[in-house]
Amino acid sequence: MGTTGTIAGVIAKMKAIDAALPRKDGVAYFNRLYLAVTNAVQAASVDASFENPAFLERLDVVFAGLYFDAEATIASGTAAPPAWAPLIEERSAKREPIQFALCGMNAHINHDLPLAVVQTCQELGLAPDDGTPQQADYEKVNAILGQVETQVASWFKTGLVADLEDSTPQEVDNAVAMWSIVAARELAWRNAQVIWALRHMQLLEAAYEDTLARSTELAGRAMLV
3 MGTTGTIAGV IAKMKAIDAA LPRKDGVAYF NRLYLAVTNA VQAASVDASF ENPAFLERLD
63 VVFAGLYFDA EATIASGTAA PPAWAPLIEE RSAKREPIQF ALCGMNAHIN HDLPLAVVQT
123 CQELGLAPDD GTPQQADYEK VNAILGQVET QVASWFKTGL VADLEDSTPQ EVDNAVAMWS
183 IVAARELAWR NAQVIWALRH MQLLEAAYED TLARSTELAG RAMLV
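Numbering-wise (this note's numbering), the sequence shown opens with residue 3 and increments by one.
These are calculated hints, taken from the structure and not from any lab test.
One thing to keep in mind: the hints can contain errors.
Unchecked claim - When the alpha-carbon atoms are kept at most 27 Å apart in a straight line, the in silico DSS-like pairs for lysine-lysine are as follows: (1) Lys96 - Lys159; (2) Lys17 - Lys142; (3) Lys26 - Lys159; (4) Lys26 - Lys15.
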């Protein structure tokens, strides 16, 4: 997995991707939204009191690494992971920037985040159980994201993520109203718990992860209609 070691490294990698991709590329729209959200969460987390900050930092790095691996398929010409296929295959299509950005969020949160939670717990000797410090910290990040989420529409309307002439304000409002980062993260935690429970049953675990990938792919394709 192409992880970068630290959150600072993750942010630097996102900036490098932004510089390398065409301004109006579908993946670039997602990358800029991801970068803006990451920066906003980092700023808001300064005053937060986390019980296990090492868990959160490692989770952020592992999580971002799954996106970096998917993004690397663009340069390599290899097939994208199913969850990421809609965004990567349609990245040059004529769509609203917000559609591309949220399609990427769909792939990253609904599919990648459960896998990242499980991997991080395995690496650190933890478990994604309710009532644990790691769940408490995860939910604190959810609360921060709930505040950040209110800024998403303005980022598209002020040119931070997309050029003003490329975004239709009403389409931005409609898309944002139908998507919730916090709700997606809450579901991702539950999916992580299921995958964790299946970790010693390889066939069932693989089947569940494949179903998760395919359902995320279908949702992503619907977002780009």
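Here is what the structure says about each hint:
1. A threshold of 27 Å between alpha carbons decides the hint, and for Lys96 with Lys159 the separation of about 18 Å falls inside it, so the pair holds.
2. With a C-alpha separation of about 26 Å, the suggested pair Lys17 and Lys142 falls inside the 27 Å cut-off, and the hint holds.
3. Annotation: proposed proximity of Lys26 to Lys159 holds, straight-line Cα distance about 15 Å (limit 27 Å).
4. The straight-line distance between the Cα atoms of Lys26 and Lys15 is roughly 19 Å, inside the 27 Å bound, and the hint therefore holds.
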